[in-house]
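Chains as they are written, first to last, in my numbering: chain G, 1203 to 1485; chain X, 7 to 270; chain L, 28 to 435.
In short, the hints are calculated from the structure, not lab data. C-beta: ideal position from N, C-alpha, C; glycine also. There may be inaccurate statements among the hints.
[What the hints assert, rightly or not] Stretch by stretch, here's where chain L covers chain G in the computed footprint (C-beta under 8 Å, at least three residues):
#1 1322-1332
#2 1431-1440
[Unchecked claim] Partial list, derived from the structure: chain X residues whose beta carbon lies under 7 Å from chain L:
#3 L129
#4 S212
#5 P214
#6 E232
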Amino acid sequence: MTTRRAAIGFVAPALLAMAVVAAYPIVAAVWLSLHREILVFRDHRFVGFANWSFLLRDGRFWAALGHTTYFVLVAVAVELVLGLAFAMLLHGRARGRGMLRAAVLVPWAVPTVVSAKLWAWLYDPNHGLITHLLGVREVNLLGTPVIALHAAIVVDVWKTTPFVALVLLAGLQSIPEDVYRAARVDGAAPFQTFRAITLPLLLPTVAVAATFRALDAVRVFDAIFVLTDGGPANTTETLSIYAYKTMLRLGDFGYGATLSVATFLVALVIAGLGISAQRRASR
Amino acid sequence: MRRLLALLSAFFCVAPFLWLALTALRPPEELTRLGVPSRLSVSSFVSALRDQPLPRALLNGLLVSACTTVFAVAIGSLAAFSLARLRPPGRDAILAGALSVSMFPPIATVGPLYVLLRALGLLDHWAGLIIPYTTFSLPLAMFLLTRAFEDIPEELWRAARVDGCSPLQALWRVHLPLAAPAIATTALLVFIAAWNELLYALTFLSSPERRTVPVAIALFSSEHAEPWGEIAAASTIATLPLVVLALIFQKRIVTGLTAGAVKG
Amino acid sequence: MARLGRRAALGLGAALALSACRGRRRLREERSLVLLHQPLWGDVAPFGALLDEFRRAHPDVRLVARAVPSASDVLHQYLLTTLEGGGEVDVFVADAIWVPEFARTGWIADVSAEFPERELRRDFVGAAADTVLFDGRTWALPWWTDVGVLYTRTDVTDPPHTFDGLVAAARRSRVGGYVFQGRQYEGLVCNAYEVIWGFGGATMDGARIVVDTKEAREALSFLASLVRDGVSPRAVTSAGEEECRRTFESGRAALMRNWPYAWAELQRTPLRGRVAMTAVPSRDGSAGHGCLGGWQLAMSARVPAWKRPFATALMRHLSSHAAQETLARVYGRPPSRRALYENPALPTLALLAPIIEHARPRPVSPWYPRVSDVLQGELSAIVSGIRAPHEALSRAQRQIDRLAGESA
Chain G
1203 MTTRRAAIGF
1213 VAPALLAMAV
1223 VAAYPIVAAV
1233 WLSLHREILV
1243 FRDHRFVGFA
1253 NWSFLLRDGR
1263 FWAALGHTTY
1273 FVLVAVAVEL
1283 VLGLAFAMLL
1293 HGRARGRGML
1303 RAAVLVPWAV
1313 PTVVSAKLWA
1323 WLYDPNHGLI
1333 THLLGVREVN
1343 LLGTPVIALH
1353 AAIVVDVWKT
1363 TPFVALVLLA
1373 GLQSIPEDVY
1383 RAARVDGAAP
1393 FQTFRAITLP
1403 LLLPTVAVAA
1413 TFRALDAVRV
1423 FDAIFVLTDG
1433 GPANTTETLS
1443 IYAYKTMLRL
1453 GDFGYGATLS
1463 VATFLVALVI
1473 AGLGISAQRR
1483 ASR
Chain X
7 MRRLLALLSA
17 FFCVAPFLWL
27 ALTALRPPEE
37 LTRLGVPSRL
47 SVSSFVSALR
57 DQPLPRALLN
67 GLLVSACTTV
77 FAVAIGSLAA
87 FSLARLRPPG
97 RDAILAGALS
107 VSMFPPIATV
117 GPLYVLLRAL
127 GLLDHWAGLI
137 IPYTTFSLPL
147 AMFLLTRAFE
157 DIPEELWRAA
167 RVDGCSPLQA
177 LWRVHLPLAA
187 PAIATTALLV
197 FIAAWNELLY
207 ALTFLSSPER
217 RTVPVAIALF
227 SSEHAEPWGE
237 IAAASTIATL
247 PLVVLALIFQ
257 KRIVTGLTAG
267 AVKG
Chain L
28 MARLGRRAAL
38 GLGAALALSA
48 CRGRRRLREE
58 RSLVLLHQPL
68 WGDVAPFGAL
78 LDEFRRAHPD
88 VRLVARAVPS
98 ASDVLHQYLL
108 TTLEGGGEVD
118 VFVADAIWVP
128 EFARTGWIAD
138 VSAEFPEREL
148 RRDFVGAAAD
158 TVLFDGRTWA
168 LPWWTDVGVL
178 YTRTDVTDPP
188 HTFDGLVAAA
198 RRSRVGGYVF
208 QGRQYEGLVC
218 NAYEVIWGFG
228 GATMDGARIV
238 VDTKEAREAL
248 SFLASLVRDG
258 VSPRAVTSAG
268 EEECRRTFES
278 GRAALMRNWP
288 YAWAELQRTP
298 LRGRVAMTAV
308 PSRDGSAGHG
318 CLGGWQLAMS
328 ARVPAWKRPF
338 ATALMRHLSS
348 HAAQETLARV
358 YGRPPSRRAL
368 YENPALPTLA
378 LLAPIIEHAR
388 PRPVSPWYPR
398 VSDVLQGELS
408 AIVSGIRAPH
418 EALSRAQRQI
428 DRLAGESA
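Produce the entire structure from the sequences given, and follow the hints as far as they go.
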């Protein structure tokens, strides 16, 4: 076997798998979105852009897009701030660092479904620890519009801040020590050092972490599926949940595919923004 | 001060999980109480393991995740070896393609995959879950392993070729053993991701006896009843192995998670 | 050692991979009869004995019983796959609300010849017969039923019969008010229909599902006021059956809307003997209409002619008087046969008898599952107070009419 043939032969299985199982479904979803395809009614016909024009008029879609965007923005912002704080703690020479390093891996390792279940129990209006600690009588975190989405964000923050923290820690560790030494010679205060040196040098890493997390958050499904299933009043319904219900629960594959392609487009936009942010940050 | 903050942060990370474990250990009649339980009881664990299809789900999860890990590492290391050493045509395009696959929202692929698997007769079949899991693990596996292979001195590869090693032998005898730590990292991350996945498992497998762990937990309730103690026990059982794995292989996991974040 | 470990791991992985690839053995035997049913909670032996009885009586066919998911929406998804994909299934359980949908799709066999309407109306409770009759044909056989009921703490108040009485009792109560299922899910639709019926509202206008009526607006304003005015705790907007039951059991509610399964559970708590189970209230005090739930036995349209008598016999056997008695006694599943409600050996059923006679099914329409998806969101908006009933109902009606118009 020549090297060249081996080169192609070795990547072929991976390429084939990604083409058939990842790329083809996306193309098929686009094609499906041009059809009316309702499993239960054996309804199958080409309808052109009818699904797409309905999408533009579908208030529920715009609401779901709004919830998803809000979820991504708030969750990622909080995760970056908290994650940076964690990373600084892990980076310093404080005692208890090893313990914290072990502790942050716990939420990361917990399956999302389990984390949603355990938070649902913490949020329970009668028997939940959080409800009790908040001390407010008659508070129903998962049953009140607007609040419920934030409760879901908290679950996401708990579960994924560790990832952000670890990535940012790696970024901090890659900043050469002599940069700081120079600052110390100049007599800069810690906060000045942070603003003038750490943050700018860390920015590319922040951009990477934010992109990864945003791409992950835009597909949020598990947590909301378990916590609220989109309720109350669809106020926690994200694009993934709406698409899932339409496609798989109700068997409307045509419009469901339209919704899922829309989700894909949103992810593409985020990826584009993320890449350009990384470029700008590394400049 | 820093120490206190570190302690608080650690508490924030661990406390919810400990509360879950405590709920699981409460005697059933004290489930709705918040204080310290009067005694610890394993009855929730016993009934979660006895009456529920949980042991089955654990085995299913192990089977699916292990197969996914084996396939992803095998296919991924072949591809990575090619990318790192054999310079296939369109190398950059392949890497970019893999990167974009890792960004696909599962919801965008789940519908057509469902139709595809149905046509192939693979719905409600292990292979119907292992194939997508493997595919969507490939970008990560390729990325981590390409890096690891690139870090191995090129001279070893040249020497192997002079000795008459075929590319496959060079991969198997030289590169895989030297990249063992990266392979362990990859395997861990792939395994944990497959163990935790919900959407595909929920959609492609339907028989209760084939459920994986997240599906079993998400659908634990019967038609009306929702046994909290048992759900907590099942969740604890499903999570504990992962937490233990994560703590044992801390370094490996952190390396894997942060690879690519720093150098770009 | 490390090498050995790696070898072993690889070996284990390969073995697992192989066993996965071998996959599931498909059922090839011609003379088998496949039954899909939900796992019944509790002791499996009595149900197994029922199946064995059938096996002894029909040695020519091999009965294969498969357990399917118990959560209704998951089972719906499962059946879509199985029936559409031509999976092996002959007789299966169907939720009360799916029969028209599956009938329209052509997935279930018309069994009018085996189970004529006249016979169904005679033997089964009214609402249960209604659910399996569609377009003048019989599409399934009622198995066991479920009906919405009102639970009252009799040491706190007498069971109310009117909505005003309910509000008054809840306000007087020293142990908390009225809990119902207000989370965004199918159970909320059941709760809402009971109140709409209690206000005398209609749900169908010919084949059209109507929700935006004067009665419905009044009914749902009432439902919303329960939460707004504190008759029901805020917690109900995220409560399902179990949240309600836990609240009621821990002594934090005097009144609860739930299904009969809670009765059996309550007998195991200190509340035993202090709880009444009655019909849901209405506006004028006449016996309210509980929402009908429960499961039917349906036959796949693909059952070949030779197998049809066996499939029919299985349906008849599982839904027989004796079988339903077992289900009621051992598993607490209320029967669908009238005669069982007169059985003195089953005292709980005597309580349920008048309630179940007044039970009503949710709209019998092929679009119901899609309509319910719309209703769940809008009803949740009403109980959580973010949309006025008239606004939410007109939104729901528009979406429902669009669905029906498209699919016509």
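How the hints compare with the structure:
1. 1322-1332: holds (count 4)
2. 1431-1440: holds (count 8)
3. L129: holds, 6 Å
4. S212: Nearest chain L Cβ about 4 Å off; hint holds.
5. P214: Holds, about 5 Å.
6. E232: X/E232 check passes; min Cβ-Cβ to chain L is 4 Å, inside 7 Å.
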